[in-house]
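Engineer: Sequence:
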Amino acid sequence: MQQRLPDRQTPVPGNTTAYQKVNRLMLPWLWVITLFIVPLANVGAQTAELRVGVMLAPKQRSPYEAIFSRFTEESGIRVRSINLPNAQYKSTLPQWLLEGKNTPDVVFWNASQRLVYYAERQALVPITELWMQDRLDAHFSHVKSAVSWKDDVYGLPISYYHWGLYYRKSLIDKYGGVPASWSGFLTLCEKLQESGITPIGLGAKNHWPAAAWFDYLNLRLHGLPFHQSLLTGKVSFHDARVQKVLIEWKRLIDPAYFNSDSAALDWHEVLPFLYHKKVAFTLMGNFVATALPPDVAPDIGFMPFPTMKNSVGPFEEAPLDVLMVPRRAQHPAHALKFIQFMARADIQSRLNESLGFLPPNKSSSVGNDALIRSGADLLRNAKGVAQYFDRDTVPAFEAKAVPLLAAFVRNGNAKELSDKLEQARQEVFGTP
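In case it helps, our numbering puts the sequence shown at residues 10 to 441.
Restricting the straight-line Cα-Cα distance to at most 30 Å, the calculated cross-link-like pairs of lysine-lysine (DSS-like) are: (1) K214 with K99; (2) K409 with K99; (3) K183 with K286; (4) K153 with K409; (5) K424 with K318.
Don't read these hints as lab results, they were simulated from the structure.
Given the sequences, and given the hints that come with them, work out the whole structure.
Structural biologist: Structure follows, in structure tokens:
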């Protein structure tokens with residue numbers, strides 16, 4: 010039986026001065042005590058449990074469960090994952106975060122505006138104090154803006170993947186190799202077209218792949234802060250900087266460097282044309298690597314989107330997966346302990362090597378896959394990363410804008426596009 014301290018050492022409410030003094034001294038340390046001591050209580054059996062909401066494909070479940078088991082071994086906290094299919098997860102997340110229905114302690118989600126949506130509704134616990142205490146800027150500074158809102162950090166980046174131009178090495182080598190600059194890329198496209206090869210393959214049947222071209226042209230010309238301001242309704246689409254983006258895009262559209270049937274093909278339906286050297290380049294995320302046939306994969310190369318202004322960036326496209334702590338979490342101390350664990354370089358290395366993704370932690374290692382290593386080098390040197398058009402804006406604007414971008418690749422009508430985008434901006438964001 011635990012002994013009680015003698016009464017003379019225990020302040021009582023009647024002794025107001027002593028009682029308040031102890032409170033003032035102890036309260037600032039309570040979260041530290043809870044965070045580091047409570048999870049270690051494991052007398053006789055594991056009584057602590059952490060519920061984690063995740064949205065995982067079948068092949069992703071095993072790598073995550075291995076990491077969860079590792080956390081349990083180290084902390085004594087049992088992890089119970091709540092894995093829901095994509096559509097169900099997206100409909101359940103608002104119930105967890107906004108309505109408090111059976112809310113997990115940690116939830117998996119996306120960065121940028123998808124995170125901000127819940128942060129501005131006070132549905133998340135800021136992890137700023139933990140971030141500063143563990144000096145996470147040293148490892149995640151390049152992605153911090155994507156998980157921040159109003160000077161607080163609300164999510165931990167755990168995985169991301171790179172975007173860029175994929176090509177057949179043997180084909181591009183034949184035409185002088187990979188260009189580094191925008192002018193060099195345009196010259197190469199002209200040579201390829203003269204030889205009967207479609208320079209750029211685009212599968213925009215579902216519209217969203219076309220948005221990558223707008224994103225990258227804007228990032229290369231004007232940088233990440235302007236790009237984020239534009240997609241959150243703070244800048245008019247009649248702005249001269251936006252017009253410059255469309256002018257440069259038309260340098261690919263007007264000479265017909267894109268395949269003429271982009272509206273009829275999905276992104277993966279373009280790949281056979283790349284394999285057979287009918288198409289030279291496709292702008293895509295590294296998830297394309299999972300679709301490569303074994304006999305073709307060694308001849309597939311990756312290049313960053315060409316430089317357009319040496320004074321800008323480099324900024325890249327790299328959608329982030331993050332972990333967030335709900336305001337309604339039942340075990341917030343366990344959740345913060347888990348966030349600390351998942352931030353570690355060794356944990357992020359192990360998880361992402363199994364997933365085929367990249368660890369956002371700059372101190373993490375990556376595997377030997379050539380495309381993965383190319384992406385790691387690209388993102389390690391990035392000044393900042395965008396999250397892709399649909400994540401950097403709100404759903405209502407995305408629904409209106411992305412089909413317009415896909416149509417622009419076919420019609421090249423810059424005035425019509427900028428007018429319709431500006432109309433959509435005013436309708437969605439309510440700004441003149």
